[in-house]
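Take these sequences, add in the hints, and give me the full structure.
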Amino acid sequence: MSTEFDVVVIGAGPGGYVAAIRASQLGLKTAIIERENLGGVCLNWGCIPTKALLKSGEIFEQLSHLGGYGLAVEKASFDFAKIIDRSRGVAKTMSNGIAFLMKKHKIEVVEGEARLEKGTPSPKVVVALKAGGSRTIQAGSVILASGARARDIPAIGAVSDGDKIWTYRDALAPKAMPKSLVVIGSGAIGIEFASFYRALGAEVTVVEAVDRIMPVEDAEVSKAAQKAFEKRGITFRIGAKVTKVEKTATGVSVAIEAGGKAEVLTAAVCIVAVGIAPNTEGLESVGLTLDRGHVVTGKHGETNVPGLYAIGDAAGPPWLAHKASHEGIHAAEHIAGYKTPAVHSPIPGCTYANPQVASVGLTEAAAKAAGIEVKAGRFPFKVNGKAVAAGETEGFVKTIFDGKTGALIGAHMIGHEVTEMIQGFVTAITLEATEEDLHGIVYAHPTMSEAMHEAALDAYGRVLHI
Amino acid sequence: MSIDILMPALSPTMEEGTLAKWHVKVGDTVKAGDVIAEIETDKATMEVEAVDEGVIEAILVEAGTENVKVNAQIAKLTGEGESPAPPPAAAAPVAEAPKAAPTPAAPVQAAGETAAPAKAAPAVAPTGDRVFASPLARRLASAAGLDLKAITGSGPHGRVVKADVEAAGKGGATAAAAPKAAAAASAPTAAAEPRKVLSLEQMGIPAGSYDLIPLDGMRKTIARRLTDSFRDVPHFPLVIDLEIDALLAARAKINRLLEGQGVKVSVNDIVIKACAVALKRVPEANASYTPEGIAMHKHADIAVAVAIDGGLITPIVRAAETKGLAQISAEVKDLAARAKSKKLKPEEFQGGTFSVSNLGMFGIKQFASIINEPQGAIMSVGAGEQRPVVKNGELAVATVMTITLTCDHRVVDGAIGARFLAAFKPLIEEPLTLLV
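Residue numbers (my numbering), protein chains in the order written: chain Y, 1 to 466; chain B, 1001 to 1436.
It should be emphasised that the hints constitute simulated quantities derived from the structure, not laboratory data. Watch out, some of these pointers could steer you wrong.
[To be verified] In silico BS3-like cross-links for lysine-lysine, where the CA-CA straight-line distance does not exceed 25 Å:
no.	chain 1	residue 1	chain 2	residue 2
1	B	Lys1280	B	Lys1170
2	Y	Lys299	B	Lys1162
3	B	Lys1425	B	Lys1365
4	B	Lys1021	B	Lys1340
5	B	Lys1253	B	Lys1220
6	Y	Lys104	Y	Lys92
7	B	Lys1264	B	Lys1162
8	Y	Lys382	Y	Lys55
9	Y	Lys223	Y	Lys92
10	B	Lys1162	Y	Lys404
11	Y	Lys124	Y	Lys103
12	Y	Lys299	B	Lys1170
13	Y	Lys29	Y	Lys299
14	Y	Lys55	Y	Lys247
15	Y	Lys368	Y	Lys179
16	Y	Lys339	B	Lys1365
17	Y	Lys247	Y	Lys175
18	B	Lys1162	Y	Lys368
19	Y	Lys404	B	Lys1149
20	Y	Lys247	Y	Lys51
21	B	Lys1343	Y	Lys339
22	Y	Lys118	Y	Lys299
23	Y	Lys404	B	Lys1170
24	Y	Lys51	Y	Lys231
All of these numbers come straight from a predicted model, not from anything done at the bench.
Below, the structure is given as structure tokens:
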């Protein structure tokens, strides 16, 4: 049967809109469906607006250290509403940018909520239009990029009410600055909000179920991060299980249990940051195979339903924008019959708290568990010239090598702007660099990146500046 | 001022060659036009002449070096009237990748600076093409004793990556690796798995029990081209018998009548002529398959297989349909003689739209040649011999020759091949019709 579009993409987040652009670049007639804002959670309620908030927080925190630089300000203060406004403005700017990109690439944007019905050669997409009415689209292929939302835990009362119990979404645009917070979950989202609100002076307690914060990171980084955040006044409850979240007259109470001891934490608000739930409801009706809510996909994002692809958060962890974009490009290329070059890139992870945390590849523990003979190297920023000059000496770089082959297999960093440095190691691992390459590469001086060189040298007992 | 002598390109497609022999040594004085070296490409040996006058200052590539890249510096010449500079300190074969855009040399004092090419001479790579491989892949291959060149890279631009080396280490497409191989095969442009070559020792032939003759350029080319063709071209044979008594009689008559003019036409010459005429009548058989489309050749350029020392070569009778038997005969004789002394020019054996291979003189009754890419078909001519035939229900004796047409099925289907042979057969059996 004839089809209106070659590709229709459901969801205009960083996975969907990038997939649409790539499809259009490859000459496919493409439409994209979005029920809310172009750019999805990432641009509107995630990656981008949080970075705006964190920058405000970082600058404000710096004001209290100005004396060390020979500077002074009188009566440092902030306007919370303006901080939030700036963040919303940044989100709006970026979202408008996506509208421009869709237009530039001749991608038809359909505003509304999509559902799938059986069809050939791919499922029919039925859109309940924002403007009213509905539209049925039959395309050659469908890319499901419906994303995810915050997970709540009704059994313990950890369900957002938008007032005192927040998700990331509420935390991004509250009416007023909360005096105190309990953050449940110490992943990237929880830690970033803890860092932001603490920088503005809120009392912040982070509760983590595992016995260390930021559990996906290398244990040494977790330890250093906890120390750095505690220095800034954040308190932690690790190995703590939340048993009940309740609203009270003045705020919330969060009952926890740690090491057999029960405790009740009280605060003005509570942020629930315990992971995400994929937006995949109702997809079984077209026979789609799901695994714990996530769509089961093949190498190119293809699903068990002919003509249907799934990418990004809907298709499973890690729930990261860059992973979604990568999968989106791959799916679009597969649909177009374009052979994606076989580049095997590890997926880096970044947390934009102060200090920042960035990592790629295996942690030391994971490498050892995989039976790899590990050579690890470390280098602290406190002896790096640029870091000392900038007064940003917190943190370190850690490298993990496979001792047998010399391949770099992991890198972990904590410190100022390390999220901008990790890419060097992502490139190195992707291109299958060995210690010889990393030792031989020239690093500009003075840069904090020199610590990357030193950490690679240290793994082989060749560190220069310690 | 010294002048660089560079490896010449003997044909537009030549990328590398063997520096077979030097005719000069360091200190010899040469003038323009003097033969200074011999270069062997895959199929021909060519002489290199000096372009400038001067004294050979240094020979940078030794005689017998294989795979010398075109434009690589092979010797230095000191301009006339100058004393040779002290030998350059080890000629510094800096491992420098050939630059895409050569940095122009700083404008030196123009006087005396005659033919010094402003190009940075690419370093001589004595071991052939650069292999693109990740650092880790190189290290793993070296540790496992695997030759990177023998491994097909799956990375961008065919880069050999860790996974390729690991797969090669496991024996490539063995049963254990089958799921992986199947996945690779599903990729639209997945290259064929490289064939794993075992050493003779691994196959039970002890070292020392044989003499090893190094592969020369021609042998490598034969091995590569025919392996590629036999593996990649879907080929099939069509066989017919031809009665050639009339042809033999006509040939004897022609040769007797034209003996005074030095004409001596062979059966093969007539076969060439008949092929050319038949190809013009069935042009679909005079065609090449290309990914862009079927190339319908305008002339019948007939390549004739000639056995020579160390291999074979296929010089070409161009536009054979326009030539008379005497001319074809003379050309084939000349081409064959020069082929045997390896004096053919590349353009004399490259190209061709159809091939004829004849083993009749060796008593071979019937054989099927391998397609000579990109040609659509090749004819294999067997020996003419007296055989019993049935004529009008009676047993009779005729001189019969079996010919086999190997067709590239991508372009010459069975019916096309059959039509070609139907056009060819009467031209041979009734050679008078060749005149029409």
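Structure-based check of all given hints:
1. B:Lys1280 to B:Lys1170: Answer violated: B:Lys1280 to B:Lys1170 is near 52 Å, above 25 Å.
2. Y:Lys299 to B:Lys1162: holds, 19 Å
3. B:Lys1425 to B:Lys1365: Measuring from Cα to Cα gives roughly 17 Å; hence the hint holds.
4. B:Lys1021 to B:Lys1340: Holds, because 19 Å separates the two Cα atoms, which is no more than 25 Å.
5. B:Lys1253 to B:Lys1220: violated, 43 Å
6. Y:Lys104 to Y:Lys92: Roughly 18 Å separates the two Cα atoms, so the pair holds.
7. B:Lys1264 to B:Lys1162: At roughly 63 Å apart (the allowed maximum being 25 Å), B:Lys1162 and B:Lys1264 break the hint.
8. Y:Lys382 to Y:Lys55: OK: Y:Lys382 and Y:Lys55 at ~23 Å, within 25 Å.
9. Y:Lys223 to Y:Lys92: violated, 37 Å
10. B:Lys1162 to Y:Lys404: OK: B:Lys1162 and Y:Lys404 at ~14 Å, within 25 Å.
11. Y:Lys124 to Y:Lys103: Cα-Cα ~24 Å, so holds.
12. Y:Lys299 to B:Lys1170: holds, 23 Å
13. Y:Lys29 to Y:Lys299: Judged against 25 Å, a Cα distance of about 23 Å means the pair holds.
14. Y:Lys55 to Y:Lys247: Judged against 25 Å, a Cα distance of about 31 Å means the pair is violated.
15. Y:Lys368 to Y:Lys179: violated, 43 Å
16. Y:Lys339 to B:Lys1365: violated, 49 Å
17. Y:Lys247 to Y:Lys175: Roughly 18 Å between the alpha carbons, so the hint for Y:Lys247 and Y:Lys175 holds.
18. B:Lys1162 to Y:Lys368: Roughly 20 Å between the alpha carbons, so the hint for B:Lys1162 and Y:Lys368 holds.
19. Y:Lys404 to B:Lys1149: Holds, at about 23 Å.
20. Y:Lys247 to Y:Lys51: violated, 29 Å
21. B:Lys1343 to Y:Lys339: violated, 45 Å
22. Y:Lys118 to Y:Lys299: holds, 23 Å
23. Y:Lys404 to B:Lys1170: Roughly 18 Å separates the two Cα atoms, so the pair holds.
24. Y:Lys51 to Y:Lys231: holds, 22 Å
Consistency note: the structure conflicts with the earlier hints numbered 1, 5, 7, 9, 14, 15, 16, 20 and 21.
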